[in-house]
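Participant: If you want the building blocks of each chain, they are given just below.
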Amino acid sequence: MAEIIKLSVFRFDPEKDDKPFMQTYEVPLLKSGMKLLDALNYIKWEIDGTLTYRRSCGEGVCGSDGLNINGVNGLACITPIEGLKQPIHVRPLPSMHVIRDLVVDMDHFFDQYRQIKPWLQSESPMPEHERLQSPEDRERLDGSYECILCGCCTTSCPSWWWNGDRFLGPAALLQANRWIVDSRDEATGERLDQLEDAFRLYRCHQIMNCMEACPKELNPTAAIGHIRRKLLSRKS
Amino acid sequence: MTYLSTDNVENHFHDVVIIGSGGAGMRCALQLADAGHRVAIVTKVLPTRSHTVAAQGGINASLGNVLSDHWHWHMYDTVKGSDYLGDQDAIEYMCRAAPRIVRELEHQGVTFSRLENGTIYQRAFGGQSREFGEGGQALRTCAAADRTGHAILHTLYQQNLRAGTHFYQEFFALDLITDQDGCHGVMAWDIANGTYHLFQAKAVILATGGAGRVFKTTTNAHICTGDGGALVLDAGLPVEDMEFFQFHPTGIADIGPLITEGVRGEGGYLLNAEGERFMERYAPTAKDLASRDVVSRAIALEIRAGRGCGPNKDYVLLKLDHLGEELIMKRLPNIHELALRFAGVDCTKEPIPVQPTMHYTMGGIPTNYHTEVVYTDGDDTEKVCGGLYAIGEAACVSVHGANRLGGNSLLEIVVFGHACGERVNAFLKQRRYHPPLDKDCWKKAVARVEKWFHSTDREDGPRVSDVRKRMQTIMQDHFSVYRTEDVMREGVEQIEAVAKELKQARMDDACRLFNTELVEALELENLMGLARVTAAGALARTESRGAHARDDYPDRDDQLWQKHTLAKIGESGVELDYKPVRTQPMTVASFPPKKRVY
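If you read the sequences in order, they're chains H and P.
So the first sequence is numbered by our numbering: it starts at 1 and just counts up by one.
So the second sequence is numbered by our numbering: it starts at 1001 and just counts up by one.
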């Protein structure tokens, strides 16, 4: 008899339900190293086809399945079942508008990403060859370009819960810093102007939930600190 | 403008509609949006979830940053790698364009790793040589650590945000709107809101990616369900060379996540249970960096000979700890993470258990090297279907033939994404207006979805997930690395039977909002058509070429089989046809078939 895993999963069908509820499921432990996504897939494919969630790559690089797992944000596809306290409480990312079950509306999150103008800006004519960049300058992008835009950090941030309409949140600010740091980008001044705002940047109170939540082990708090220092240094 | 006899279908008018938001679709969208056209990307996921994101090792271009290189050598390697099934005009086009297009990606912001002199870092990859195979290993694969696909996809998404491309996210394409003049749009289902949308366009571009999910174990994302190929089949057009699915030598055993060829490019190698570096026997020169089909077959033979590792002796080991922790963390950080998470192995200390795993769809929608979808009309095997284009893994242009070289798929998507943009730009000058549509053109798509909602009233019939599991198991068991007549014949029968079962299948979920079970049902319909043509095409091809390896026909037969398979689905089942390989390049001399030795 296989070992049984107990899950308690957030359910909400906007066509039928007045309010959300938690539904319990029991799933066999299929293999050692089994991930939470395997359990959700088991429920969907073997028990209850109505359970709704997003997933794509299944290996932690596409950022589809950011969820709140036992109170901590993470990706279902790389979170091992072993080591999770049971029943495993699976909820949608906190503070987000729920479309259905575990699926949340990501529009505002991606809109904030667009607001930081996340593309290379340069007035210099394109060189015939690549823009040169030393390995050291390239290394300074490590820790930010790897972001998969899953939303785990931003939706874990209490400052964003309160002021998410105006505070850009950790994910967008991590990317803002990525372009400030990039030696090829020539719009640092405009980028800093854009961020010098009581809400957009300065609502960060270094609670550091974002760093804890990031499944790629990136550190948005440090990036925000870097932007603050940049802003300070151009004043002096 | 609403002349459709329903209010339940919302109308959209764009110059161009691109289905799919991977690297190919977004490179193409960028080209056209920057040219001032109204471009819509219709995608079933959020754009950064597309499977391009998972590409690891790199993108080939003869930049010659480390060792001198030439696009012509790259072309030779690609033709040889394709086992002489690749179309040489398309291959020349791609290899010529590679250096310029890769530098352009750098200009757009891709975070390529760098050499000391500030140029793009290039690593060794399988099947790549200098001086037409005579000059040793080439260093041609441009890399952003081992996250090259992620870096490229995000950059292209960013550029499209800048260019103002319209994104219709989480929309599922249901049916192409075609008539005798070609393709004029697509019907789609808004997954979140459960509504129908008719996109009219002067040009429709299919950039829907591969179909890896026809197999049980695959490196492909759940979303790789061959949607474009299925739309084309449904429109009565053929798909090409679907029997050629690449098995990547190094997927993590039993689970699937990819371990990049870059590991072997950086100096890693394979070991069997006896601790032998067995690739030395199979490919004395290139060893572990032989073409993927060669390495996958070698692993399969080792396992068959009882030299596999583990309790079931069904995998081999990929050793890289000798490269040192510093290099691994700098050049292969993502591999370190994947091996730890999915194999429970710290690859700076221990080898990774790997086995050949379904990875890439060489076949797809037939196109010419301008990316126009083509079909056979009488004697003309390259007749263009007006207004319809296909690019990337969804297409079969065919630059990969029977076996793709590592680093050529990221290249294909950006080169042909760009080429498609150019071609469509010219086409839009001729086709100035949206042609009038048949007033009932929306009905087929609506019926396709509604029958699934009706199925929720039934208690009988198999569930969608059960049918999918059976299909994937049949494909895995009957059409893997080595294929034989009897096993395939049985496989064809079983696939046909399970395809009939799909018609009786039902789903649980009757909710119209964000119904992912419906999406899985539609995806399964798409996969099923492609599984059927894959099975039939494989059984018919009585030779071994590239990824199609048969025990009973171990040799390549250029007399009979240097030709592309074309498959359609008609009333009576799969119909096979063939067309010649385009062996004449654009400007250089053709590379005639010769024995492939690595």
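These are computed hints drawn from the structure, not numbers from a lab.
It cannot be assumed that every hint is accurate.
Unchecked claim - Straight-line distance between alpha carbons at most 20 Å, and here's what the computed SDA-like set of lysine to any residue pairs gives: (1) P/K1579 <-> P/P1593; (2) H/K117 <-> H/E136; (3) P/K1568 <-> P/R1331; (4) P/K1216 <-> P/E1525; (5) P/K1330 <-> H/E136; (6) P/K1216 <-> H/D38; (7) H/K16 <-> P/H1454; (8) P/K1469 <-> H/I43; (9) H/K216 <-> P/R1331; (10) P/K1594 <-> P/K1568.
To be verified - Pair ranges (Cβ atoms, derived): (11) P/K1330 <-> H/E26: 43 to 49 Å; (12) H/P80 <-> P/E1116: 36 to 42 Å; (13) H/E212 <-> P/G1310: 51 to 57 Å.
By construction, the Cβ of each residue, glycine as well, lies at the ideal position given by its N, Cα and C atoms.
Participant: Confirm or reject each hint.
Facilitator: Taking the hints in turn, this is what the structure says about them:
1. Note on P/K1579 and P/P1593: the hinted pairing holds, with a Cα-Cα distance of about 17 Å set against a maximum of 20 Å.
2. Only pairs whose Cα atoms come within 20 Å are accepted, and H/K117 paired with H/E136 is rejected, the gap being roughly 24 Å.
3. Among the hinted pairs, P/K1568 with P/R1331 is inconsistent with the structure: their alpha-carbon atoms are about 44 Å apart, more than 20 Å.
4. Taking the CA atoms of P/K1216 and P/E1525, the gap is about 16 Å. The hint holds against a cut of 20 Å.
5. Only pairs whose Cα atoms come within 20 Å are accepted, and P/K1330 paired with H/E136 is accepted, the gap being roughly 12 Å.
6. In summary, the hint linking P/K1216 to H/D38 is supported, as the alpha carbons are separated by about 14 Å, within the 20 Å threshold.
7. A distance of roughly 18 Å separates the Cα atoms of H/K16 and P/H1454; the hinted pair therefore holds under the 20 Å criterion.
8. Simply put, P/K1469 and H/I43 have alpha-carbon atoms about 15 Å apart, close enough for the 20 Å limit, and the pair holds.
9. Taken as a hint, the H/K216 and P/R1331 pair is honoured in the structure, with Cα atoms around 16 Å apart against an allowance of 20 Å.
10. Using a Cα cut-off of 20 Å, the hinted pair P/K1594 and P/K1568 is violated, with the two alpha carbons roughly 31 Å apart.
11. Checked against the hint of 43 to 49 Å, the C-beta distance between P/K1330 and H/E26 comes to roughly 44 Å, which is consistent with it.
12. Remark: the range hint 36 to 42 Å for H/P80 to P/E1116 is upheld by a beta-carbon distance near 40 Å.
13. The hinted window of 51 to 57 Å between H/E212 and P/G1310 is violated, with their beta carbons roughly 36 Å apart.
Hint compliance for this structure: hints 2, 3, 10, 13 are not met, and every other hint is.
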